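Engineer: Sequence:
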Amino acid sequence: MIHALKPSDQVARTNFAVDMPERIDACPDFLRQVCFSNESTSHISGIRNRYKIHVTCEVERGSPKVNVWAGLMQDKLTGPFFFSEKAATGHSYLDILKLYWLPELMDRSIAWPPTSPDLTPQDFFLWGYVKNIVYMLQATWNEIEYRLDICRATKGAYTEIY
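If you read the sequence shown in the working numbering, its first letter stands for residue 1, the second for the next number, and so on.
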């Protein structure tokens, strides 16, 4: 489900888009110091959205899922940490932040604009990359069936399939 932008969200996003380049100009290493913290949910059934838009109707109700959390800086990745759907809470994520990130980040928080997956590296890159790897297993099983069909059709001949 895509969350609609409210007028106040658009103002916050615009202000942020103006402020960030100023911070980067003032300190060229600024983005190296920004920590992005985010989580994603993957359904074990293998159903996913190929267009990276949050869609809930494609997933069967009650489908088992796993939550993944990662902290990302320009030169540092913490995680990913995997949680069963029942174990992942706001407290779980806060505990990870306290353990791995808070000593480095004290008093340096930046208000990130709401409803901004297009400005968050985990959303526009990392989660798609991780899910492609995770869901590759299903494609592997489909590939095995295809290769068995080829083997039968060629009466056991060795074939390179590209």
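Hints were generated in silico from the structure; no laboratory data involved.
Keep in mind it's a predicted model, so treat the numbers as computed, not measured.
Incorrect hints may appear among the rest.
DMTMM-like mimics (lysine to aspartate or glutamate), calculated; alpha carbons at most 25 Å apart, straight line [to be verified]:
| # | residue 1 | residue 2 |
| --- | --- | --- |
| 1 | Lys65 | Asp123 |
| 2 | Lys76 | Asp123 |
| 3 | Lys98 | Glu39 |
| 4 | Lys131 | Glu39 |
| 5 | Lys76 | Asp9 |
| 6 | Lys65 | Asp118 |
| 7 | Lys6 | Asp19 |
Engineer: Next, verify each hint and record whether it holds.
Structural biologist: For each hint, the structure was consulted:
no. : hint           : verdict
1   : Lys65 - Asp123 : holds (18 Å)
2   : Lys76 - Asp123 : holds (17 Å)
3   : Lys98 - Glu39  : holds (16 Å)
4   : Lys131 - Glu39 : holds (12 Å)
5   : Lys76 - Asp9   : violated (29 Å)
6   : Lys65 - Asp118 : holds (24 Å)
7   : Lys6 - Asp19   : holds (20 Å)
Of the numbered hints stated above, the single one contradicted by the structure is hint 5.
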